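S.K.: Here is what each chain is made of, one letter per residue.
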Amino acid sequence: MSDADLAPGTAALGEVAAGASEGAASGHRWLGRTLREAAVGYLFVLPAMAVFAVFVFYPLLRTFWLGLFRVAPYPTIPSKFVGLSQYRSVLTSHDFFASLGDTVEFVLLTVPIGIVLGLALAAMADARIRGIRFFRTIYSSTVATSVAVVSVIFFTLLNPTVGLFSYWLGIEGGNGILQSNTWALPAVATVTVWQNIGFTFILMSAALQAIPEELLEAARIDGAGGRSRFWRVTLPLLSPTVFFAAVVGIIASFEAFGQIDLLTQGGPDNHTNVLVYYLYTSFQNNDFGKASVLAAALFVILLAVTLVQFRFLERRVFYG
Amino acid sequence: MARHWGRAGRYALLTVTAVVVGFPIYITVVNSLLTPQQIAHRPPTLFPLHPQWGAFGQAFTSGHLGLYLRNSAVVTVAITVAALVTSVLAAYAFTFVAFPFRRALFFVCLATLMVPMEATLIPNRQTIGAFGWYNTFPALIVPFMASGVGVFLLRQAFMQLPRELHDAATLDGYGHLRFLLRVVVPLNRPIIAAFGVYAFLTSWNQYLWPLIATDSNNVRTVQIGLRQLESLSIDQINVIFAGTLLAAMPIFVLLLAFQKQLVRGLTAGAVKG
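So the sequence lines, in the order shown, correspond to chains A and B. Just so you know, we're using our numbering here: the first sequence kicks off at 1 and counts up by one. Just so you know, we're using our numbering here: the second sequence kicks off at 1 and counts up by one.
Be aware that a few hints might be false.
[As the list claims (entries may be wrong)] With the C-beta cut set under 7 Å, the calculated list includes, among others, these residues of chain A facing chain B:
#	residue
1	S146
2	I202
3	L208
4	E213
Treat the hints as calculated values from the structure; they're not laboratory data. Remember, predicted model here, so these are calculated numbers, not experimental data. Glycine residues also receive a C-beta, built at the ideal position from the N, C-alpha and C atoms.
Bound-form chain B, shown alone (with noise of 0.2 Å):
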């Protein structure tokens, strides 16, 4: 009896908290499809019976969506294709190549994670002043085309590759560059993979480098964007939620198809095994 009463319990529960947990985003959904007199109507709608898209058309318009979003993908592919390439390398050097102070260096690579970006800001701030990058896409990319994360996690990967195979392949003849790619990227696309997404995730997100980097809607990203639109009057508040639905959407389809990267993306490290 006690098992019956536990799994409509465990049901109950679940029911419970997936209510709570996915309220924000349902909500959310429900406003972008109502006018803002519906919105501010009591008691409130919580079903949109007549849904009105025109919210996302605004977005658009008076939000400038469109150039946020091409912002923000210009500025996330850049960074995730350069950090994924910085990353491949540095781990193949540190894992098969023989030089000075290799050790060392990949210590140095590891110390970048002890420095939280904050600490960094002021002199980055003037560093980008100082190359003439203030409002410009280089100044949003440039720092971040490396990842300490990415050579950690390639490398740890890349060791658990036998060593007869870089034996064999340097029997065969073949040199440091055509083993990179034709042996050890092939044989760990789905870490590569996991950390591209990862990339991708936190370079979308980021607030405050772009905030202070740039003051001009032509690069601005769309999370800075989504400042902006936070500042619309209340009579465009279904404008509001429409808006930050489309600024997540990218990364919801991106969850939807690599799930599972980006679960071992996230949890690389962490977990043992």
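Just chain A, same shape as in the assembly (with noise of 0.2 Å):
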């Protein structure tokens, strides 16, 4: 926050020693405004304080309050308090660390893949060439897209029996690829690094087009390759942006909900029950304690991992 933000607020203060020196009546004229001020700065804000207060602040200690209390079997008896003990069975539980095993994994899956492919993608269209309006439409396209949509379409495509894309795999009339062990998890992250590249892309592009001119040429002519000047030049100051979209990549990842619910279900045999989807289940189950407590986990994760990676990566990121 800079001096200038501030200003108002020191105006302010510059007239209270006015007011003291010129007596109480003036004194009392500028207590009045100020206290307007306030008044209009706190009815500004409340609106969205308000809705912050109930349904983010509130709901989150809440959720690390339901994780202490047990529900049971039977919706007839209440929950009982069990103190850190839930906290402590479902975050050691084989399930748990199932389910954040799947969760890594897809991350893995999903984020530098799709950085890689987005930036590959903008690289290609960073070109003042006839048609490119075209490509360029074409590519960010699927940020029209909802996961929804985009699942639903590739559960169609993939459908065992008449699944497009289970003919052109071969496997049309067997097994899906959705219920194989192996393959259901790879297939629902390349459902989603499809759909998140129009994002990348458009991120990316913006971003190269953000690159001064004068630096490439100022590297064309110290006899920098096209390669190089790349790996040189454009990569280090597209750094801010390839940090972001790992930032949010990691986290939009951490959350993935609606391509398991529409293309898996957590299925095969588990093999996609991510944290989201183990904490919806769990939740359907009325069983409110254990999905709390994997909220919590969720939400202490996130927060991890944005920490961990503004304090790490930061450092290391060129900010021209």
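Using the hints, put the two chains back together into the complex; each one sits in its own frame.
M.R.: Next up, the structure:
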């Protein structure tokens, strides 16, 4: 926050001094004005703050609180306070580690590939040649789709009996790829990468266009070839954007739900049971205590990811 | 010579990747215009010589797409308008109004960006139950009427305005509301539009919360409608494809109409300058 930002406040403080020396009457006027100003401020931030209080901060705290209660197997019996023991049992369970493993695998299958592909497309389309607008439109088109739209399309194309992709993969009539223990998660990851290509492409293209032409020109005059210009000039200048895409991508992949719900329902045999889907099924089974522990864990993990990334990665990123 | 090869090679690469990236949407369009028998036919039809439009009608009748689209429109427009109003007001106060704890409250707004929606899911479901909002539009709208992203983005933009503008307006006797509506909003129309497009896109595409907060078709949004559509039998497979196109259509139109704002909204904060 800059000093200029505080200017209105500072001006008001200046008036305090003036008001004090000029006597009580103008002091009252000043006080009235300051109070009115503060009232306007609170009034303006109130709507947003009220929503945040009721639907962000209160429920966040309550999630941690609910994790302390074990829900009885019958809805008529009240839940029981069990302290941290439920956190311990859920977070050390085999199911949790399996789910965390699926989630991490999913992140690794989506984020690096997504960034590399988005960057490659953006680099390819970053040329003033005929028809480039057409290509750019196609590359960004997936941004207009939603997780549900994309998942339903791929679910149908991967249908084991009539799906076009099943036919091309030579498995039509057999077991579908989404029913395979080995391939279900990579398939869901591929669908996710495809859906995110538009966003990553737009992001990387904007960053490429923001690179000053003179820098590349100077490198060219210094005798740098196309490849070396990309690695030595373009990529370092893109690093803040790559960093941003990595953070956003990791968080989004940790939060993946819609594609799992529509493509595999966590199956086959829990092989795509990522954290949020695990949370969702616990919730659907009315196990609010367990679901809350999982939600709390997700929050802590994402917070840690954000903080660690900012701490370590940002230092190595070039900010021109 | 390397240059010529380079240009031809670039076009070849561009074409191949465009086919790969564009294919799923292309084949969706094709299949929505075929009969289920034609879709199941092998070798597959990759171009609809005799397009059949019936699947779109069936998406409305057996897929209830009309109802779902209406519900999505109600929810999305309400969220977008509300988020714009609350964000503009808060961002304005954080920039131009002096009040105690202003800085602290701004950081509270920023902190909401660190809270994933999934972490608040269960208590929020209980809250809307307690309010009697289960299966109602308020359940889908009210929790999203404020946006940390919006407050942050708009404050960044408002801070770029020259301070003299505010001083001059104050001397002219402008109150806060008049300065906000006559000066700040008109001068920041591009970023406000960018955030509006962003808010529209994200709320139209929401999935988990609408799934949890409703179970009646009367209020369910089109994304959840797709979940019902997915379970149609394969002799209505063309209807599934037509339905996904209809669900994506509003955002496609938005993308075409507001390409610049969308790019700006999506990339805000990521790219310097």
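S.K.: So which hints don't hold here, by number, going up?
M.R.: 3, 4
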